[in-house]
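**Student:** Starting from the known structure of chain A, fit chains B and C onto it as the hints suggest.
Keeping their order, the protein sequence lines are chains A, B and C. Read the first sequence against this note's numbering and you will find it ends at 260, with the numbers running on by one and no gaps. Read the second sequence against this note's numbering and you will find it ends at 391, with the numbers running on by one and no gaps. Read the third sequence against this note's numbering and you will find it ends at 337, with the numbers running on by one and no gaps.
Worth flagging that the hints you see were computed from the coordinates, not collected in a lab. Worth double-checking, as some hints may not be accurate.
Using 25 Å as the maximum straight-line C-alpha spacing, the simulated PhoX-like pairs for lysine-lysine come out as follows [as the list claims (entries may be wrong)]:
# : chain 1 : residue 1 : chain 2 : residue 2
1 : A       : K206      : A       : K146
2 : A       : K218      : A       : K33
3 : B       : K251      : C       : K135
4 : C       : K224      : C       : K135
5 : A       : K135      : A       : K176
6 : B       : K377      : C       : K135
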Amino acid sequence: MSSNGSLLSTVSTTKVFGGLLAVSDVSIEVAPKSIVSIIGPNGAGKTTFFNMLTGLYRPTAGRILFDGHDVTGRRPDLITTAGMARTFQNIRLFSTMSALENVMVGCHARMHAGLFGSILRTPSVRREEADVTDKSREMLEYVGLKRDLHDQTAANLSYGDQRRVEIARALASDPKLLLLDEPTAGMNPQESQRLTEFMDQLRREKDLTILLIEHDMKVVMGVSEHIWVLDHGEKIAEGEPDEIRTNDRVIEAYLGKQGG
Amino acid sequence: MSTLRELRTREWTKYLLPAVVLLAAVLFPLFRPPLDGFMDDCILALAYVVMALGLNLVVGFAGLLDLGYVAFYALGAMAVGWWASDFYTGVGGAEEGIHIGVSGFAATLPGIHVNFLLIVIGATIVCAVAGAIIGLPTLRLRGDYIAIVTLAFGEIIGRIFQNGDEITLFGDYKLSNGRQSIAPVDAIDIPFLDPFDSALNLRPYYWTAFAMVLVVLFVNIRLRDSKLGRAWIALREDEVAAASMGVPLVKTKLLAYATGGAFGGISGAFLGAYFSSVNANQFQFGFSIFILAMVILGGLGSIWGVVLGAVALAFVNNRLIPDVLDQGFVGDKLKDLGLDFSFTEISFGIFGFILVIMMVLRPEGILPERRRQMELKEGIGESEAVFEARV
Amino acid sequence: MIAEFISKYGLIALLIAFPAYYGVQDLINDGNLTRIGNNLVDGLSNGAIWALVALGYTLVYGIIELINFAHGEIFMLGAFVSFALWGELGLHPDTATVSLILGLLVSLIVAMLVSGSLNVMIERVGYRPLRGAPKLAPLITAVGFSFILQNVGILWLGASQRAVPDLIHSQRELFSVFGLSVSRGDLLAVAVTIPLVLLLTSFVAQSRLGKAMRATAQDPEAAKLMGINVDTTISLTFLLGGLLAGAAGLINTLYQTSVWYFQGFTAGLIAFTAAVMGGIGNLRGAVLGGLIIGCIQQVSDNRIGNEWTPAVIFAYLVLIMVFRPQGLIGEETREAG
Numbered sequence: 001m002s003s004n005g006s007l008l009s010t011v012s013t014t015k016v017f018g019g020l021l022a023v024s025d026v027s028i029e030v031a032p033k034s035i036v037s038i039i040g041p042n043g044a045g046k047t048t049f050f051n052m053l054t055g056l057y058r059p060t061a062g063r064i065l066f067d068g069h070d071v072t073g074r075r076p077d078l079i080t081t082a083g084m085a086r087t088f089q090n091i092r093l094f095s096t097m098s099a100l101e102n103v104m105v106g107c108h109a110r111m112h113a114g115l116f117g118s119i120l121r122t123p124s125v126r127r128e129e130a131d132v133t134d135k136s137r138e139m140l141e142y143v144g145l146k147r148d149l150h151d152q153t154a155a156n157l158s159y160g161d162q163r164r165v166e167i168a169r170a171l172a173s174d175p176k177l178l179l180l181d182e183p184t185a186g187m188n189p190q191e192s193q194r195l196t197e198f199m200d201q202l203r204r205e206k207d208l209t210i211l212l213i214e215h216d217m218k219v220v221m222g223v224s225e226h227i228w229v230l231d232h233g234e235k236i237a238e239g240e241p242d243e244i245r246t247n248d249r250v251i252e253a254y255l256g257k258q259g260g
Numbered sequence: 001m002s003t004l005r006e007l008r009t010r011e012w013t014k015y016l017l018p019a020v021v022l023l024a025a026v027l028f029p030l031f032r033p034p035l036d037g038f039m040d041d042c043i044l045a046l047a048y049v050v051m052a053l054g055l056n057l058v059v060g061f062a063g064l065l066d067l068g069y070v071a072f073y074a075l076g077a078m079a080v081g082w083w084a085s086d087f088y089t090g091v092g093g094a095e096e097g098i099h100i101g102v103s104g105f106a107a108t109l110p111g112i113h114v115n116f117l118l119i120v121i122g123a124t125i126v127c128a129v130a131g132a133i134i135g136l137p138t139l140r141l142r143g144d145y146i147a148i149v150t151l152a153f154g155e156i157i158g159r160i161f162q163n164g165d166e167i168t169l170f171g172d173y174k175l176s177n178g179r180q181s182i183a184p185v186d187a188i189d190i191p192f193l194d195p196f197d198s199a200l201n202l203r204p205y206y207w208t209a210f211a212m213v214l215v216v217l218f219v220n221i222r223l224r225d226s227k228l229g230r231a232w233i234a235l236r237e238d239e240v241a242a243a244s245m246g247v248p249l250v251k252t253k254l255l256a257y258a259t260g261g262a263f264g265g266i267s268g269a270f271l272g273a274y275f276s277s278v279n280a281n282q283f284q285f286g287f288s289i290f291i292l293a294m295v296i297l298g299g300l301g302s303i304w305g306v307v308l309g310a311v312a313l314a315f316v317n318n319r320l321i322p323d324v325l326d327q328g329f330v331g332d333k334l335k336d337l338g339l340d341f342s343f344t345e346i347s348f349g350i351f352g353f354i355l356v357i358m359m360v361l362r363p364e365g366i367l368p369e370r371r372r373q374m375e376l377k378e379g380i381g382e383s384e385a386v387f388e389a390r391v
Numbered sequence: 001m002i003a004e005f006i007s008k009y010g011l012i013a014l015l016i017a018f019p020a021y022y023g024v025q026d027l028i029n030d031g032n033l034t035r036i037g038n039n040l041v042d043g044l045s046n047g048a049i050w051a052l053v054a055l056g057y058t059l060v061y062g063i064i065e066l067i068n069f070a071h072g073e074i075f076m077l078g079a080f081v082s083f084a085l086w087g088e089l090g091l092h093p094d095t096a097t098v099s100l101i102l103g104l105l106v107s108l109i110v111a112m113l114v115s116g117s118l119n120v121m122i123e124r125v126g127y128r129p130l131r132g133a134p135k136l137a138p139l140i141t142a143v144g145f146s147f148i149l150q151n152v153g154i155l156w157l158g159a160s161q162r163a164v165p166d167l168i169h170s171q172r173e174l175f176s177v178f179g180l181s182v183s184r185g186d187l188l189a190v191a192v193t194i195p196l197v198l199l200l201t202s203f204v205a206q207s208r209l210g211k212a213m214r215a216t217a218q219d220p221e222a223a224k225l226m227g228i229n230v231d232t233t234i235s236l237t238f239l240l241g242g243l244l245a246g247a248a249g250l251i252n253t254l255y256q257t258s259v260w261y262f263q264g265f266t267a268g269l270i271a272f273t274a275a276v277m278g279g280i281g282n283l284r285g286a287v288l289g290g291l292i293i294g295c296i297q298q299v300s301d302n303r304i305g306n307e308w309t310p311a312v313i314f315a316y317l318v319l320i321m322v323f324r325p326q327g328l329i330g331e332e333t334r335e336a337g
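Excised from the complex, chain A in its bound form:
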């Protein structure tokens, strides 16, 4: 935990690609065990911002502090080890692996089997494999994937099930902070509602903090304790749902983009 108690804070984080200023001077503070959201019109830089948090992009400027450590520019796998996990906007499961295997890969950071241990299958490695397999199955059941689908190839799963597996995979690394990139994309209202309840459940039962990127306003307003609004890479507003709902700049950013 950093000195001001936030689990995650970014300080003036900026990303420039060649000539394009994708994210500009964005600072946020995420309190532990909260559910918070980043919203904004398409192209506002939300996913780019996520990618900086998880280490896929190195920020051009600014810092990222997670759980008391400066993780700016750290490698993605090390950030996962530090306790940040994510899902992707376009589902990025390992499609030729089964659902179970996908989740087991998610456990990679918490496993200790090395090269020689794996070859010799020492008792501790065998135990670890069994434990990880059990834990992964539990994870899949927790997110609601039926047992008989656990060994199904990921590519053959329905869209909704694939989303579930992605969340299970992210949870597998025992994260403190879960980043969900448009988790309700492609869902109908009932499914979105279920996901919203699920996020609350996650927060309670798994002691998680959740940071969302979302477009579905109902979900955002219903579940977030705090919202940041990005437009053209800049933070144009932040606050509680009621404040954001009535914020003129926010409304203009959305209406101006879509035209209705």
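**Tutor:** Same frame as chain A, now just chains B and C:
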């Protein structure tokens, strides 16, 4: 009566066929003369199986297209050339040499003579390190560039040994014998057994090669179903997602190169000892393609497919081409047509043809590996990374 | 930003350091730069030939992001075709100049056409069916074709180097400038290459087909939507690359007076290094890279020994790939997704 029924349970019979095959493979040399052309072919095939399994680990499991695999063959072979011959006569006193773990005739020779098993360990370590070094520059590169860089390394190492008679170390010691062979290389000498003699009896070589294959198969199967094996598949399919799930890309890739390379070194050392000579002229790009063709033919990522592919191409190279095609029926017919060429001359063209045909018609190979089949045939699991994962 | 600067000028420094080292040696030993100067003159003419081959690599890579492994063999077969034609046409060093020039022009055109068509055929048969497949697949196919064609070379003219009649007396000195000797071969290499390169660059820059090529290279999907026939454009690109390689094959044969089935493999890697050094996908870069590589090759041949030259060049290739894969001029050939 119930015991008879129990005997027919699936569990038991599942292991019956492989056990019989295994037993047959182990006992077969006893039914052949000690010096047998067919056994010679089998020994070579076994050595190539080891190489192909090594390359399969890098290309098939981890998806890193290594076109310079000959480098590991070279390093393994040179290891026996250096440490099991009189190439370094003069070390340790001109007449005495250095002897570690050798007995019999070799113990009396000048030069460096280390026991074969120790050399294998040494070759494994050297090749593992070399694999990591070769892999290091490729970490941030895309597939086609990885191919070129590994190819370049294969060529660099080959050339260094081909011209190694111009390089001297620690005084007068040449790096290699240049384009000439280092010969003779010590026979394999395993503790508690007499040293082998390839001029008299091939059986011990066969069993050594067979043991090698068993070990390498064992390592492959274990790794395939392990945490590391899953990490390789993940990084092959989607590096970005893999890294985001906590897979350390650098370490995982380097382990692939190192482990795969180590197998090549083991087989190279064996072949050097088996041929009783080491010649840098063999360290050509064509060899890398020969091994690659085995992997492609058998099935990328498929352990048993690759074994099949290696055995098949070994026999094509050693038997089909020289004996059947050149001297047999086909060769005669071609001469009747007035075409005067030797199939042996175009053996690499044949392997190139195999590569093209397989890729266009059946890229997943003869015995496909399930996931690769999905990727290659059905286009599942192809993710063009929107951005390259930072390593 | 700093990394960009260091890598660019670091590469330039590494490239210059190699000949500079020997230049300094010359100053010390001979008191002048004649030897290194001659190395560089030969290097530039060799380099002109590599530039032609490199252009073929870079054109193809720019449009479909594939290393056409067989491109070196296209070059080799262009050389073989030239050699065969000279025999058919009865050209030899004493042929009258007019007949010689006519004969060479004919062989040039034929060699170019053969190489060009071969390249197009390879794309059609081996790469097009695999356009949707993982990148691994066409790459392996390319390697396969390379081997098949090498063996065509073996079957045609055998496995050893073959001497070729020295039709233009390529080593004869034409003139000297600043004490540096420029031979007929040197002049030929440069004189044929320059117009070809200019023709190509203006074609790509100005013609409709050239614009189609550039559009497809940048964004194939958008190009298709604009009505560009991507298949034809790609075939055309392979044709152009093959034409240049065929020309390079002929020039090289005149210059070096020998042919060998293996020359495609070494030429291919040298030219590919040149293309990458300049910046893959970049035409000017390919030419620049070719010239530079030619110089490095010549200095290495002359000073270290030609058995080491491939290792030297591959070492540079590895360095470039690791530290500056975008090459000297380098640019993104495809819009980021």
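**Student:** If any of the earlier hints don't hold here, list their numbers in rising order.
**Tutor:** Of the numbered hints given earlier, the structure breaks none, since each of them holds.
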